[in-house]
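Just so you know, the protein sequences line up as chains B and G, in that order. Using this note's numbering, read the first sequence as starting at 1 and increasing by one per residue. Using this note's numbering, read the second sequence as starting at 264 and increasing by one per residue.
These are computed hints drawn from the structure, not numbers from a lab. We treat Cβ as the ideally placed atom computed from N, Cα and C, and that holds for glycine. Among the clues, some could well be false.
Unchecked claim - What the simulated footprint calls covered on chain G by chain B, stretch by stretch (three residues with Cβ under 8 angstroms from a Cβ of chain B suffice, anywhere in the stretch; the number is not a length):
1) 277 to 289
2) 433 to 441
3) 452 to 461
Claimed, not checked - Listing some non-contacts, in silico: residues in chain B with all C-beta distances to chain G over 12 angstroms:
4) Arg12
5) Ala194
6) Asp205
7) Pro217
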Amino acid sequence: MSRIDARFAALRAEGRKAFVAYVMAGDPDYATSLEIVKGLPAAGVDIIELGMPFTDPMADGPTIQLAGQRALAGGQTLQKTLDMVAEFRKADRETPVVMMGYYNPIYSRGVERFLTEAKAAGIDGLIVVDLPPEEDEELCIPAREAGLNFIRLATPTTDDRRLPKVLQNTSGFVYYVSITGITGAAAAQAAEVAPEVARIKRQTDLPLVVGFGIRTPEAAEAIARVADGAVVGSAIVRMIGEGRPVPEILAFVKGLAEGAHRA
Amino acid sequence: MPEDLINSYTTGPDERGRFGQFGGRFVSETLMPLILELEERYNHARTDPTFWAEMDHLWKHYVGRPSPLYFAERLTAHLGGAKIYMKRDELNHTGAHKINNVLGQIILARRMGKTRIIAETGAGQHGVATATVCAKFGLKCVVYMGAHDVERQAPNVFRMRLLGAEVIPVTSGRGTLKDAMNDALRDWVTNVRDTFYCIGTVAGPHPYPAMVRDFQSIIGREAKAQILEAEGRLPDTIVAAIGGGSNAMGLFHPFLDDKGVRIIGVEAGGKGVDDRMQHCASLTGGRPGVLHGNRTYLLQDADGQILEGYSISAGLDYPGIGPEHAWLHDVGRAQYVAITDAEALEAFQLCCRLEGIIPALEPSHALAHVMKIAPGLPKDHLIVMNMCGRGDKDIFTVARHLGFDMKL
Numbered sequence: 001m002s003r004i005d006a007r008f009a010a011l012r013a014e015g016r017k018a019f020v021a022y023v024m025a026g027d028p029d030y031a032t033s034l035e036i037v038k039g040l041p042a043a044g045v046d047i048i049e050l051g052m053p054f055t056d057p058m059a060d061g062p063t064i065q066l067a068g069q070r071a072l073a074g075g076q077t078l079q080k081t082l083d084m085v086a087e088f089r090k091a092d093r094e095t096p097v098v099m100m101g102y103y104n105p106i107y108s109r110g111v112e113r114f115l116t117e118a119k120a121a122g123i124d125g126l127i128v129v130d131l132p133p134e135e136d137e138e139l140c141i142p143a144r145e146a147g148l149n150f151i152r153l154a155t156p157t158t159d160d161r162r163l164p165k166v167l168q169n170t171s172g173f174v175y176y177v178s179i180t181g182i183t184g185a186a187a188a189q190a191a192e193v194a195p196e197v198a199r200i201k202r203q204t205d206l207p208l209v210v211g212f213g214i215r216t217p218e219a220a221e222a223i224a225r226v227a228d229g230a231v232v233g234s235a236i237v238r239m240i241g242e243g244r245p246v247p248e249i250l251a252f253v254k255g256l257a258e259g260a261h262r263a
Numbered sequence: 264m265p266e267d268l269i270n271s272y273t274t275g276p277d278e279r280g281r282f283g284q285f286g287g288r289f290v291s292e293t294l295m296p297l298i299l300e301l302e303e304r305y306n307h308a309r310t311d312p313t314f315w316a317e318m319d320h321l322w323k324h325y326v327g328r329p330s331p332l333y334f335a336e337r338l339t340a341h342l343g344g345a346k347i348y349m350k351r352d353e354l355n356h357t358g359a360h361k362i363n364n365v366l367g368q369i370i371l372a373r374r375m376g377k378t379r380i381i382a383e384t385g386a387g388q389h390g391v392a393t394a395t396v397c398a399k400f401g402l403k404c405v406v407y408m409g410a411h412d413v414e415r416q417a418p419n420v421f422r423m424r425l426l427g428a429e430v431i432p433v434t435s436g437r438g439t440l441k442d443a444m445n446d447a448l449r450d451w452v453t454n455v456r457d458t459f460y461c462i463g464t465v466a467g468p469h470p471y472p473a474m475v476r477d478f479q480s481i482i483g484r485e486a487k488a489q490i491l492e493a494e495g496r497l498p499d500t501i502v503a504a505i506g507g508g509s510n511a512m513g514l515f516h517p518f519l520d521d522k523g524v525r526i527i528g529v530e531a532g533g534k535g536v537d538d539r540m541q542h543c544a545s546l547t548g549g550r551p552g553v554l555h556g557n558r559t560y561l562l563q564d565a566d567g568q569i570l571e572g573y574s575i576s577a578g579l580d581y582p583g584i585g586p587e588h589a590w591l592h593d594v595g596r597a598q599y600v601a602i603t604d605a606e607a608l609e610a611f612q613l614c615c616r617l618e619g620i621i622p623a624l625e626p627s628h629a630l631a632h633v634m635k636i637a638p639g640l641p642k643d644h645l646i647v648m649n650m651c652g653r654g655d656k657d658i659f660t661v662a663r664h665l666g667f668d669m670k671l
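Starting from the given sequences, assemble the full structure and let the hints guide the process.
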């Protein structure tokens, strides 16, 4: 059982929904970013999504694009992102960490080498935006063989005919993208999301979390109510971009987590 | 036709959109169903004679095809070696080869019931071609263009606006062509129902590289028939400039199985292909990676972050290259070389003075390589180079480099 499976099993046992928080590794700099990540579990975050900065994040809106640019300008590399997780793991053996990003930095490092290092650093899963199931043999299948979960995105354009293909090699959980669009864009509507969640759940037993367009504790609560959890990224990243003090950022995260946990 | 298809270079891509290891469909899940639908609809269209009849009609009456194959007599005499022919695609409506492809994609978009067309553009030639065809068919047109390019290509921005297109200056990333492509993809992810993404080169996720190649191959098919008529035989060497590689792929593809024809692609060497990375020579100075939906050679750093290219020619200023070129490079069927800004500028001026043709800076790179090799080749050696665009858009850039004050 992976750390992600264990976390969802525990949440189910407690009758709670998952709160997933996304931050960009190395934003605005390595030390601050590590401090934020270390503070997330105590703020109520059940699963950490750690962005891997990339120069060309084609699925991300301006907020996360800028976070990636800040991180790269601050000297963040894939090695430093791996180091950051290893450092985090020294004190936290339970909270799952999922790396989220784009394929080229991984491909450039070499898939086998990356998977070995990611596993050793204590990473539990991967979300790679530009690897649809049609390209599963690139990374998804090797990742599974290396003992890492490969979490797939399902979207409003993923119809019932295609859904089995998307779910086939997915493990850990399924991430439903609530809108057609980029991160940080239109607000997700629970009423629209609910039937989509039900549609996907008919085809999988995996937990299903919903992300994109969730900014407030109320929205996190509304979305978590109709799914197994809610993901917030841009709203947190925006505060980091504004240079807010770490305690203020973590207090905001805590509010979001409480929202999701009320569901 | 080749005697056996197993040894043909023209069978790609495979059903996964791969040319060898290159190509593929590296896009987000939101776009994947759209790309699969596009592939299905294109496969249907390309075997439909009425689709090609519509293309042929517009190519002839709207674009002005066939473009001439012109014997560059004074240039040939000046260089003193190989006999040089130019495929005159700069004479097309809108002044470049770009419209060959745009027509195909927009006819397809109309068949798919799409009402909104988006495009990325660097120098503005693909944007102008897209705005033009959208105006002709009454379609809404949105063009993404790097903020830096909007500034330096003001005449093309105005042309697009005259043609009714909305030009959106892209400030994300570093505001260049690759960022314009990122923003076009972000638009497409957001507007999945009514929008068709008209990509300007032989790159992007499958089926774009194959589809754009098929539309541009009219260049090579015509050139082949024209050289056979003029000389009674195939050329010995064909040469074209490469940014993303669509004009080159269009010229090369019909000749791939003609084993006696040497094929040379010319990349933008900028200030020189070295560690400073001030060039756009993805094959000469890059390595394989994944960007914009396909695996190909890319300019990137040791950590897989994409680097900005540099070239005097905005149309070659892209850190990647079409995946079929990457494959042709690796299997050795085509040779790829780099030409610097300075060499291209020299060829630009020579072409103006000797042939009365003001070439775009893109084909000036191809011409510069012709100038290098022609003198050493025998007089019966036939070279066909692709004059893929005219230089009106470039006169300001050239004037600046030559120290000429345009403010009269």
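Status of each hint after checking the structure:
no.: 1; hint: 277 to 289; result: holds (count 4)
no.: 2; hint: 433 to 441; result: holds (count 3)
no.: 3; hint: 452 to 461; result: holds (count 4)
no.: 4; hint: Arg12; result: holds (26 angstroms)
no.: 5; hint: Ala194; result: holds (20 angstroms)
no.: 6; hint: Asp205; result: holds (20 angstroms)
no.: 7; hint: Pro217; result: holds (26 angstroms)
Checked against the numbered hints listed earlier, the structure breaks none of them; every hint is satisfied.
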